[in-house]
Amino acid sequence: MARYIAKRVILSIFTLWLVATITFFLMFMVPGGPFLSEKTPSKATLEALNKRYGLDQPVIVQYKNYMINFLKGEYGESLKQRGRTVEDIISSGFKVSARVGGLAVAVALCIGVPLGCIAALNRGKWLDNTIIVIATCGIAVPSFVVSTVLMIIFSVKLNWLPTYGLTSWKHYVMPVMALSFYPTAYISRLMRSSMLEVLGQDYMRTAKAKGLSQFWILFKHALRNAILPIVTYLGPLLAYTLTGSFVVEKIFTIPGLGNEFISSIINRDYTMIMGTTIFLAALLIILNLLVDIAYKIIDPRIKFK
Amino acid sequence: MKRKLALLLAVIMVCMIILPACGTKSGTDGTGTGTGTGTGTGTGTGTGNDGGKAVETLAVNVGPDPDTIDPALNSAVDGGTMINHAFEGLMALDKNGVPTEAQAQKVEVSEDGRVYTFYLRDDIKWSDGKPVTAHDFVYAWNRAANPETAADYAYMFDVIEGYEDVANGVAGAKLNVVAKDDKTLVVTLVTPIPYFLELCAFPAYMPVRQDIIEANGDAWATKVETYIGNGPYKITEWVPGSHITMSKNEHYYNVSKLGPNNIKFVLMDDDVAILNAFRQGEILFADSMPNDEIDAWRDKPEFNLEGQLGTYYVSFNVTKAPFDNPKVRQAFTLAVDREFIVKNIGKAGQVPAGAFVPTGLTDADPTKEFREVGGDYYDPYDYEGNLEKAKQILAEAGYPNGQGLPPIEYIYNEGTGHQAIGEALQDMWGKLGAQVTLASQEWNTFLNTRKNGDYQVARNGWLCDYNDPISMLDMWITGGGNNDAQWSNAQYDALIKEIKTTTDKNKRFELMHKAEDIIFDEWMLCPIYYYVDIYLLNTKVEGFYSSPLGFKYFMYASVK
Chain A
0 MARYIAKRVI LSIFTLWLVA TITFFLMFMV PGGPFLSEKT PSKATLEALN KRYGLDQPVI
60 VQYKNYMINF LKGEYGESLK QRGRTVEDII SSGFKVSARV GGLAVAVALC IGVPLGCIAA
120 LNRGKWLDNT IIVIATCGIA VPSFVVSTVL MIIFSVKLNW LPTYGLTSWK HYVMPVMALS
180 FYPTAYISRL MRSSMLEVLG QDYMRTAKAK GLSQFWILFK HALRNAILPI VTYLGPLLAY
240 TLTGSFVVEK IFTIPGLGNE FISSIINRDY TMIMGTTIFL AALLIILNLL VDIAYKIIDP
300 RIKFK
Chain B
0 MKRKLALLLA VIMVCMIILP ACGTKSGTDG TGTGTGTGTG TGTGTGTGND GGKAVETLAV
60 NVGPDPDTID PALNSAVDGG TMINHAFEGL MALDKNGVPT EAQAQKVEVS EDGRVYTFYL
120 RDDIKWSDGK PVTAHDFVYA WNRAANPETA ADYAYMFDVI EGYEDVANGV AGAKLNVVAK
180 DDKTLVVTLV TPIPYFLELC AFPAYMPVRQ DIIEANGDAW ATKVETYIGN GPYKITEWVP
240 GSHITMSKNE HYYNVSKLGP NNIKFVLMDD DVAILNAFRQ GEILFADSMP NDEIDAWRDK
300 PEFNLEGQLG TYYVSFNVTK APFDNPKVRQ AFTLAVDREF IVKNIGKAGQ VPAGAFVPTG
360 LTDADPTKEF REVGGDYYDP YDYEGNLEKA KQILAEAGYP NGQGLPPIEY IYNEGTGHQA
420 IGEALQDMWG KLGAQVTLAS QEWNTFLNTR KNGDYQVARN GWLCDYNDPI SMLDMWITGG
480 GNNDAQWSNA QYDALIKEIK TTTDKNKRFE LMHKAEDIIF DEWMLCPIYY YVDIYLLNTK
540 VEGFYSSPLG FKYFMYASVK
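Here the protein sequences line up with chains A and B, keeping their order.
Per numbering that gives the first Met the number 0, the very first residue in the first sequence carries number 0; after that it's consecutive.
Per numbering that gives the first Met the number 0, the very first residue in the second sequence carries number 0; after that it's consecutive.
Hints were generated in silico from the structure; no laboratory data involved.
Everything numeric in this text was worked out from a predicted model, so none of it was measured.
Careful, some of the hints might be misleading.
What the hints assert, rightly or not - Here are the simulated lysine-lysine pairs, DSSO-like style, with alpha carbons at most 30 Å apart:
(1) Lys105(B) x Lys124(B)
(2) Lys38(A) x Lys182(B)
(3) Lys156(A) x Lys559(B)
(4) Lys42(A) x Lys319(B)
All chains, full assembly: derive it from the sequences and hints.
Printed below as a string of structure tokens:
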């Protein structure tokens with residue numbers, strides 16, 4: 000077990016290095032640069048900027064410098080938001096995105112799991128059909144549509160909820176709903192099918208034969224087994240939700256991290272591109288590692304190698 | 000056992016969800032935009048700098064997160080608006096856009112118009128209470144002009160003597176700006192510049208604090224504690240990506256005349272969301288709106304339309320066939336139905352352009368506009384007539400009915416408006432017999448392509464940096480950083496040089512008209528329309544004004 004984890008950690012570091020290296024060179028292959036704008040700065044200014052950020056050196060030297068600085072824990076300064084460090088931007092954005100995203104995942108679990116169970120227990124009945132229809136919609140409708148519709152209903156028409164910012168609990172309602180819509184639908188479908196599978200198992204019949212109550216059977220025996228696929232899904236879901244959504248954050252004016260992923264690329268903000276990519280990759284790797292370990296422990300048929 | 004471990008892991012993951020959710024809430028004042036009822040003329044006991052109760056907060060949107068609000072580094076209009084509230088120059092623009100004394104109480108201009116002496120007010124202070132001195136201006140201007148600072152707008156100081164050496168990095172070079180004593184500033188210009196006082200009101204010309212910048216580097220302009228200004232307001236709360244709240248600066252000399260106690264710049268980006276917030280009354284000012292909504296709002300009292308000093312145009316690459324032929328360029332310029340584009344695509348009341356320098360700029364005689372004096376180079380409203388002429392000229396150029404024209408690619412940056420204009424041009428140029436294909440490029444790639452001249456014909460646009468036609472004209476000098484047309488004309492270069500050194504105001508304007516004539520002798524670009532600035536302002540707000548450069552002024556606004 001310990002050996003397996005050690006192996007995975009080493010592999011993870013290798014993966015991370017690979018991601019960083021590929022991103023670094025791809026980034027420089029894209030045309031354009033961080034200091035271009037509709038009004039091009041003068042030649043002297045451009046030269047001064049390139050020199051200041053070391054962009055006047057060959058790419059391979061820049062790569063070496065970046066990696067050395069990275070190992071020292073220096074992630075550089077944003078090229079576009081001058082005066083702010085990459086670390087500072089990512090940490091302040093992540094705090095916000097993680098708060099909203101964390102709530103969204105919690106909501107998705109709290110609604111998706113029971114919905115899936117209810118659907119499975121009422122298989123083929125109208126309740127099941129209704130839930131399936133809702134879940135299908137949830138998967139099909141993109142988040143910018145959900146966000147806009149929510150905003151029109153709750154802010155413009157009903158005037159219940161504020162449209163921007165994150166200063167009170169009311170502000171969280173719409174972004175969390177918009178963010179949790181898809182995972183809720185996905186989880187409920189996942190839960191429904193795995194619950195159906197578990198309900199058909201022999202040990203369920205045994206439990207019933209023993210005379211256990213319906214409630215007890217469901218919670219003690221069925222749910223604990225049926226929820227395993229959800230745990231698997233939780234890894235990537237958490238990584239992507241905690242780092243924020245570009246669309247939802249833009250629409251609700253949330254100072255999160257999601258925006259930085261896209262705008263850093265549009266701006267060719269090289270240090271920010273590297274910072275956000277490595278951060279997301281690391282989070283994804285760590286969460287997947289946790290899930291894999293959990294999964295392998297849960298399913299004894301899979302051996303550690 | 001193993002199952003317990005699995006459960007433990009599951010618990011860890013759940014904790015990862017819940018913990019950030021319970022994390023510290025950013026301690027803000029909650030309750031958003033109390034659109035208070037007072038008219039805000041009271042003396043407003045300024046000390047409430049704890050950002051506590053928002054007694055009267057004016058919430059507005061002028062744009063998304065600014066890249067920087069360092070006066071030297073900023074080159075954006077929204078950043079400029081914020082800087083105008085947190086800083087004040089020697090001069091400030093009043094409601095009518097006229098530069099009036101601000102940090103300076105008196106200005107003396109030498110007879111030859113080259114030496115300006117500014118006498119600073121006695122009661123001006125920074126937001127931390129220290130006095131503002133002439134040395135602060137000397138430092139700020141030299142800093143902004145120095146290539147080491149790498150400011151986009153460094154060239155705004157090219158009117159001051161000594162700039163050339165500073166820009167070329169000559170060791171020890173300084174602008175000829177001298178603090179004779181703490182309250183007297185003497186500036187020597189290269190040549191008498193009619194718009195110099197206006198420059199003194201421009202964000203890049205605001206003073207900054209040497210001690211703070213030397214201690215904090217570029218980061219000084221990213222934190223509330225170090226962002227010390229000398230303007231009417233000071234930042235009291237700053238959440239990047241969310242909002243910047245400014246409160247009255249109690250050290251500002253004119254603090255009793257100021258309007259709202261707090262101005263909250265909400266940093267929104269999505270046009271639909273901005274409009275929703277405006278409808279809700281959560282923001283009382285919105286600087287942008289979805290294009291589709293313009294028709295619905297046009298007749299409402301909230302809708303405002305103002306001229307903007309800039310031109311949307313099409314760049315021909317004069318080094319690439321067929322646009323290396325001036326006659327082809329002329330034919331393509333004439334064959335555009337500008338009224339159609341403005342009415343059906345622009346929709347916001349843009350003005351069809353018949354020249355390059357936009358309307359709104361004054362001429363030598365300040366009662367007349369540059370455009371009035373210069374006139375149009377073709378009638379932008381006579382599409383049919385122009386098209387006939389265009390066909391004729393194209394035939395003269397050797398392409399009767401477009402026969403023999405190589406395939407043409409029009410490039411533009413992504414965006415529905417630019418695409419629609421591209422499609423319209425494709426259709427209009429098609430009437431000349433040209434085969435035009437469209438290609439959209441991602442913004443940064445587009446800028447790169449255009450700058451390097453890897454195109455035939457491309458969308459372009461330019462906004463003036465200051466209220467003078469030279470701001471439009473000097474970009475076309477040979478080798479200029481924004482000379483996307485790759486155009487070079489020795490006579491034009493000489494003219495621009497002469498304009499920049501001539502001392503006679505009338506002659507100067509005469510030369511500028513001459514320079515524009517050359518542009519249209521050569522037909523090196525195709526103007527489409529003059530920009531306008533549209534914004535929504537809640538009818539409860541009074542005392543708001545904006546400048547032709549697009550800056551918005553909320554400091555004297557009040558809410559009914």
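Right, here's what the structure says about each hint:
no.	hint	in the structure
1	Lys105(B) x Lys124(B)	17 Å, holds
2	Lys38(A) x Lys182(B)	35 Å, violated
3	Lys156(A) x Lys559(B)	25 Å, holds
4	Lys42(A) x Lys319(B)	24 Å, holds
Violated hint: 2 only; the structure is consistent with all others.
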